[in-house]
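Engineer: Sequence:
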Amino acid sequence: MTIFKIISFLILLYGIVGFIISMMKISSSKENATNQKIHLPFHIWAIGIGGFTFFLTMIIVRIGAQDAGVVVTPRGVDDEELHTGWHIVMPWNSVYTMDKTVWVYTCAHSSKEGNKPDADAIWAPTKDGIKMGFDVSVSWRIIANEASWIYANISENDGGDSGRYLWLEENVIRPKLKSAMALTVSEYTPIEAYSTKRQQIQDHIIQKMRAEIKGYKLIIEQVDMREVFYNPEYETAINAKKLAEQEVLRLVEVTRQKEEQLKQASINKDIAIQQAEGEAKALQIKGTSIAQNPKIIELEWINKWDGKLPNYMMGNGQGIMMNLNNK
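Sequential numbering of the sequence shown, starting at 401, is according to my numbering.
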């Protein structure tokens, strides 16, 4: 549109300058006036075409796909917005565009990760009174059909085209986020906030924020809890507790192993006693049998004999063997 406006203005300017020069020549001599009659209509056509096209460029406004147009008349801000496309607006009115895309506001513990250059995590107390830090991002946008209200009621605050949005982030999004975080996190324990209930917490924060910002004509698209962490003192205490729990588990395992060893030793002892008792009883029975029948010894000797004669025999020849070597 700017190019067409420049071209139209140049055509109009060319026609006006040419017309003035022609009129000056006509007034200087009657002969020149006769010659200029041929060229005069051309300048008039240039003035007509240039003026008409320049007027069209002044009243036709194009609104992009990512914007909503706000019309400011001599009487004030018009309530009806201009949406994507071409529109005719009288030249005595002004049109301002408002970005209707999604903006993201981030609070982060690490510097330079959030909207502020320094650490800016949101700290909120849990159900147990323990404060926890949260890295949170809020995705939001304006209601396109309420762009005129926002333009009329929210100051740019010296922020240029994005001033209203910066003001909304610092004075609406941020305070409402902190309030919703404090109210929601206070209903959960640290473990729930850290792991098991994070999605539920996000959903509750979204609901609370949407209810709080209706009056500012904004829409909350999403709230993302990007990171959750404890304060340093509490984290140290948790780590110490974990180490203590691990030590307890280790001692329990050692105790269990010793109990198993004692149990096995007791079982081995019972087995040994039973074996000893069995062997003693067997010897007792065997001794009684030998006492009652001495021939059992000879029978045992015969059963264990390998068929070879011994080298020695002692005694009176009654079952005691002696050396019978023929050397």
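Worth double-checking, as some hints may not be accurate.
List time: in silico EDC-like cross-link candidates among lysine to aspartate or glutamate, alpha-carbon distance up to 16 Å [unchecked claim]:
#1 Lys608 with Asp624
#2 Lys516 with Glu587
#3 Lys531 with Glu587
Read the hints as simulated data drawn from the structure, not as lab findings.
Engineer: Under the constraints set out in the numbered hints, which ones does this structure not fulfil?
Structural biologist: Number 2 - this is the single hint that the structure violates.
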